[in-house]
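There are 2 protein chains.
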Amino acid sequence: MATRTTQLRILAAALELFNEHGTAAVSANRIAERCGISKGNLQYHFRNKREIITAVFQQAITEMDSGWYKDHLAPTLEHMAAMYVRQLQLILKYRFFYREMADLLRQDARLRKRFADNRERRMCDLEKFMLALQGRGLMRFPSDPRRLRALVDVTWIVNENWLNYMDYHDRTVSVPAMLEGYGEILEVLRPYLCADPQQITQESYLTIERLAAQASARTAEEAPELLVV
Amino acid sequence: MATRTTQLRILAAALELFNEHGTAAVSANRIAERCGISKGNLQYHFRNKREIITAVFQQAITEMDSGWYKDHLAPTLEHMAAMYVRQLQLILKYRFFYREMADLLRQDARLRKRFADNRERRMCDLEKFMLALQGRGLMRFPSDPRRLRALVDVTWIVNENWLNYMDYHDRTVSVPAMLEGYGEILEVLRPYLCADPQQITQESYLTIERLAAQASARTAEEAPELLVV
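Respectively, the protein sequence lines represent chains V and D. Numbering that gives the first Met the number 0 numbers the first residue of the first sequence as 0 and each following residue consecutively. Numbering that gives the first Met the number 0 numbers the first residue of the second sequence as 0 and each following residue consecutively.
Simulated from the structure, these hints should not be mistaken for lab results. All the pointers check out, no bait thrown in.
The list treats identical chains as interchangeable, and a pair is accepted whether it falls inside one copy or across any two copies.
No farther apart than 35 angstroms at their CA atoms in a straight line, the calculated lysine-lysine pairs in the DSBU-like style are these: (1) K48 - K112; (2) K112 - K127; (3) K38 - K112; (4) K92 - K127; (5) K92 - K48; (6) K48 - K38; (7) K112 - K92; (8) K92 - K38.
Please construct the entire structure, taking both the sequences and the accompanying hints into account.
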């Protein structure tokens, strides 16, 4: 089996196990078992569990970058909803990471730097996106750039943590739960929206439902255990 | 040594070790060692590490309740700042819990229920507090109660996760970092403030500095390792 194919299989198995049980409870051996390869073969590709965690996270960042920029280039309110929801779907896919983030990043300075850099890039993209919305007359933000940054930052903190809050309250990650999360984000942005908030909310909800349905169809094929109901 | 005194010593040692190393890396044995008691003595008080984690968390909730209600009863903007900052200081003290929250709560349905109940109580208190501010002419919120709830929820999500974000970006938990966190919370509430935002920000900052100085003085005596610089 080609090296890259084996590596991808290892990462897929690790992601599945990490999401199910958390990283602490999953050994490199167990990942090898799930892949149906020997411990030695796994070690040939990844020296230890930490290397696997880093590689899975790197995969998440690559995915984030590829899905992201298309929305960023089209400053419409529909794409705004799409950006937040795609990120939420990514978090769902790499759920273990967002659950254990504070602990994982604290233990690994390189991973922390990578996460911080990626997040900073994301914040800059979002700021530019918001200013482009403003340029098209869809939003009107405070002129102080620090205020816009704070608003964008808050929406991102809510987005990054929303699925954890669903867990805390024993709620499943359903379309209504995603709509509620985006509703809170819209509430933060609402004073700066120029269009009719009622209409925006309704349109965003259609976008979210459409994206969720697409993701469900994809997931049902590729990884039924991640299915959004 | 009286039972309660020993229990408190065990919990204090556990909190210190959990904050330093995370719960996964700390065994019940190590907690006993740090206390200078035998493993058997520790087990007489707490059957296992999970019981210790639950007890530490229960302590955090009790502390939250006792420090909270006085602010809640005085609806001024100064007390609003005080509420968020006291919660931030509590999170700092019980930092391991907020770092590992998603994982700890997922593993323990009872702890999860306790956390969710406490959080729900907190949200209701905050809503009442905001309405009392409105009653005094200091704020003007949307009439739809779901919108007020969303705003309050967002501010709390930012507050609960702020210290983790400081960690991700390699920033120390200093007074400026706390001010910045409260600045983002104020940004969410700003469109609903009736008074001059500039003045509110300045007054809140004085409150935060005063509370941080008080906490430093207390911490320097009781637990120098938690010192906010």
